[in-house]
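Student: Chains as they are written, first to last, in our numbering: chain A, 145 to 374; chain B, 11 to 95.
Don't read these hints as lab results, they were simulated from the structure. Check the hints yourself; a few may be wrong.
To be verified - Sample of chain B residues facing chain A (criterion: CB under 10 Å; computed from the structure): (1) L14; (2) D17; (3) G18.
Stated by the list, open to error - Here are the in silico distance ranges between beta carbons for each label pair: (4) A:A156 <-> B:L85: 13 to 23 Å; (5) B:F29 <-> A:A196: 36 to 46 Å; (6) A:E282 <-> B:A58: 20 to 30 Å; (7) B:L93 <-> A:R219: 20 to 30 Å; (8) B:A45 <-> A:G358: 18 to 28 Å; (9) B:S77 <-> A:D288: 16 to 26 Å; (10) A:P163 <-> B:I28: 12 to 22 Å; (11) B:V75 <-> A:V159: 27 to 37 Å; (12) A:D300 <-> B:R86: 42 to 52 Å; (13) A:G294 <-> B:L85: 44 to 54 Å; (14) B:A81 <-> A:A223: 24 to 34 Å.
For clarity, every value in this text was computed on a predicted model and none was experimentally measured. No residue lacks a Cβ here, since even glycine has one placed at the ideal position from N, Cα and C.
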Amino acid sequence: MRSETSRTKTIAFDVPGWPGHRAGQHVDVRLTAEDGYQAQRSYSIASASDNARLELTVERLDDGEVSPYLTEELRLGDAIELRGPVGGYFVWDPSAQGSVLLVGGGSGVVPLMAMARQRSADGSTIPTRLLYSARAWEDVIYRDELEQLGQDDGLDVIYTLTRTQPAGWQGYDRRVDRDLLAEVAPAPAELAVAFVCGPTPFVEAVAGALVELGHEPLRVKTERFGPTGG
Amino acid sequence: MSELMLDGNAAAGVLQEIFAVEMTTAVGTCDHCGAAGEVGRVQLYRGAGIALRCPSCEALLMKIVTSGTRAWVDLRGLRTLQLDA
Chain A
145 MRSETSRTKT IAFDVPGWPG HRAGQHVDVR LTAEDGYQAQ RSYSIASASD NARLELTVER
205 LDDGEVSPYL TEELRLGDAI ELRGPVGGYF VWDPSAQGSV LLVGGGSGVV PLMAMARQRS
265 ADGSTIPTRL LYSARAWEDV IYRDELEQLG QDDGLDVIYT LTRTQPAGWQ GYDRRVDRDL
325 LAEVAPAPAE LAVAFVCGPT PFVEAVAGAL VELGHEPLRV KTERFGPTGG
Chain B
11 MSELMLDGNA AAGVLQEIFA VEMTTAVGTC DHCGAAGEVG RVQLYRGAGI ALRCPSCEAL
71 LMKIVTSGTR AWVDLRGLRT LQLDA
């Protein structure tokens, strides 16, 4: 387990017999209390495919039922119930022809990170751009690794910090809108697929703006986080 | 747009459990408006169960309610469902 930011933690699980997964897939985590009460949530897998281990990055939601347990109570050696990998729609396609755009809002970056890691593990040269929207630099998950992936593997990482910016910040400082996407996104003819993940209003705004910019709706794949997650 | 709306991806786990195949890449056709698309793209609302709605006309496509041991699936709003055979 490692802390990523003040609210997010990455937890690695050893899963005997794990079949591997495709980047972008998720697992359902089920917790059962001593009285039999069950709570279940979906979490995107953060790691690239591996046959014995997987990592989840979990954001703590204070009024959540599952995330406070995973981020505060879970201890090394504890066992929990996982179902998965599930989902075949929002997944990285290693044979994509053209450029790939990844747009993440907050912890919506997690499945996109799995894609960036898979791309790197595969030695893929698919032109890929990650646009990551966070409130502040302290809230950016995977900062150091993203810098590495940018230097070593040609992943283009662009940040926008919507609430506060460090002194001397050179990046974007506003919510992702149509003008920002016009600057960052590949031209519609070059785009193989865009993956957009984040809270529902963020995903609606980004996907809508991409379509307004002329991108084919079927090439814009979305994964929404609800406000009642956790 | 409702903040409570998710997409069909969020039902991947329960659909896999019921149908025993990956269902978010299956293509459903809305019985109301005829729009066709992958299950992963549809609108999803959670209440006592899960409701999947057509992203084009918002008609109800599928309802799923599960208890610990049984699942009820209402498919009235789907004209067809195409799956990898």
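Student: Look at each hint and say if it fits the structure.
Tutor: For each hint, the structure was consulted:
About 6 Å separates the beta-carbon of B:L14 from the nearest beta-carbon of chain A, less than 10 Å, and the hint is met. A hinted interface residue such as B:D17 counts as satisfied when its beta carbon comes closer than 10 Å to some beta carbon of chain A; here the least separation is about 5 Å, so the hint holds. The beta carbon of B:G18 is positioned within 10 Å of a beta carbon in chain A (closest approach about 7 Å), and the interface hint is therefore held. For A:A156 and B:L85, the Cβ-Cβ distance of about 39 Å falls outside the hinted range of 13 to 23 Å, so the restraint is violated.
Against the hinted window of 36 to 46 Å, the Cβ-Cβ separation of B:F29 and A:A196 comes to about 28 Å, which falls outside the hint. For A:E282 and B:A58, the Cβ-Cβ distance of about 39 Å falls outside the hinted range of 20 to 30 Å, so the restraint is violated. Between B:L93 and A:R219 the beta carbons are some 42 Å apart, a value that contradicts the proposed interval 20 to 30 Å. Between B:A45 and A:G358 the beta carbons are some 21 Å apart, a value that agrees with the proposed interval 18 to 28 Å.
Hint check: B:S77 to A:D288, Cβ distance near 45 Å, so the stated range 16 to 26 Å is violated. A hinted range of 12 to 22 Å for the beta carbons of A:P163 and B:I28 is consistent with their spacing of about 20 Å. A hinted range of 27 to 37 Å for the beta carbons of B:V75 and A:V159 is consistent with their spacing of about 29 Å. Remark: the range hint 42 to 52 Å for A:D300 to B:R86 is upheld by a beta-carbon distance near 46 Å.
The supplied range of 44 to 54 Å is met by A:G294 and B:L85, whose beta-carbon atoms lie about 46 Å from each other. At roughly 26 Å, the beta-carbon separation of B:A81 and A:A223 lies within the given 24 to 34 Å, and the hint holds.
Comparing the model with each numbered hint stated earlier shows that hints 4, 5, 6, 7 and 9 do not hold.
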